[in-house]
Amino acid sequence: MRTKFRRGFTLVELLVVIAIIGVLVGLLLPAVQAAREAARRMSCSNNLKQLGLAMHNFADVHKTFPARKVADSPYGAATWAVTILPFLEQSNGYNLWDLRKGYSDQDDTSTISPTEQTDAARQVRVPAYTCPSRRDGSQLSIMETGQGGILGTGGQQARFHKPGSVGDYAGNVGTFGAPNSNGDIQGIWWSTSANGVLVRGTQRPGGSGTDPVQSQVTFGSITDGTSNTFLIGEKHVPQVGLYHVNYGDSSIYNGYWIPYSGRLAGFEDPIALGPNDVSLSSSAGIYADSIQARRFGSWHPGVCGFVLCDGSVHHISNSLDGTTLERLAKRSDGLVVQLPE
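Per our numbering, the very first residue in the sequence shown carries number 112; after that it's consecutive.
Note that these hints are calculated values from the structure, not bench results.
Treat the numbers as computed from the prediction; the structure is a model and nothing was measured.
Just so it is clear, CB atoms sit at the ideal spot from N, CA and C, and this is done for glycine as well.
Check before you lean on any hint, since a few could be wrong.
[As the list claims (entries may be wrong)] Label pairs and their in silico Cβ distance ranges: (1) E200 - L126: 54 to 60 Å; (2) G137 - L384: 25 to 31 Å; (3) L384 - V134: 28 to 34 Å.
Use the sequences and the hints to build the structure in full.
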């Protein structure tokens, strides 16, 4: 009787199979990564949609949009991200805040002053405030000193910014401006006359210096049309600057410096090209000036997400020209442009 031998794989055949598997993995991996990014981008769009709806509900109740921050405190008054908490089903978190207190008002990092917010207030976590392409929001901002010149607030005392919940979205403050030869600051991005939507508020009529301010921006004042004006967009935070106050990534609740919760768009402030689009000071290792921290930008490939004042969400090319950006950032310049897709 003839004995039958079972033939096994030869070394060559095994190597061929391994090579085929490697090719298949190489072909499938980009598709899997693209699918995951598409899911993250959809989640980000949902976040923007929620923020837009919360802004609308706030405006329906208060008859104005939220002010960029609630008081003219040098210690970082609460931002719009605090005032819309009740409209994001976060009333418990909102109730932890005392809007007459600063975010962080002292250099002493070991105690909490009675005139500043509690850690519980600073660390209220809202899933809708973070983009999953960048982070999950579980880590707090890093406690470090913000220097006046770096933060674009020359002359103010350097202060520690205590840890708080971060955010990846910023309000549309408008476009950059500079005082003219007469010292007129009409339209300046940090003034009450800024030409965006979530801008610095004015003191309430008859109020004292500690009373929260109110915005003067209403739906009626957006004369360029709510479908042609930015409301909120993704803010540029480079990989190297995550959670660092000097890169514009302090807590989204911290009103000490505008870029923590507000950004500009236009010729001087184009959309960032990606997470590595950054200009660093070679000596200090932080932003050489505030320009790099004023821009919108995302970690999605090639686009940045915005919700417009009509509540619609759009992903706009990072290479959008400065003229169109300025028209979309200004709420009432009379120069309307069609939103590119």
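Consistency of the hints with the structure:
1. Between E200 and L126 the beta carbon distance is about 58 Å. The supplied range of 54 to 60 Å therefore holds.
2. The given range of 25 to 31 Å is respected by G137 and L384, whose C-beta atoms sit roughly 27 Å from each other.
3. Taking 28 to 34 Å as the suggested C-beta distance range, the pair L384 and V134 conforms, at roughly 32 Å.
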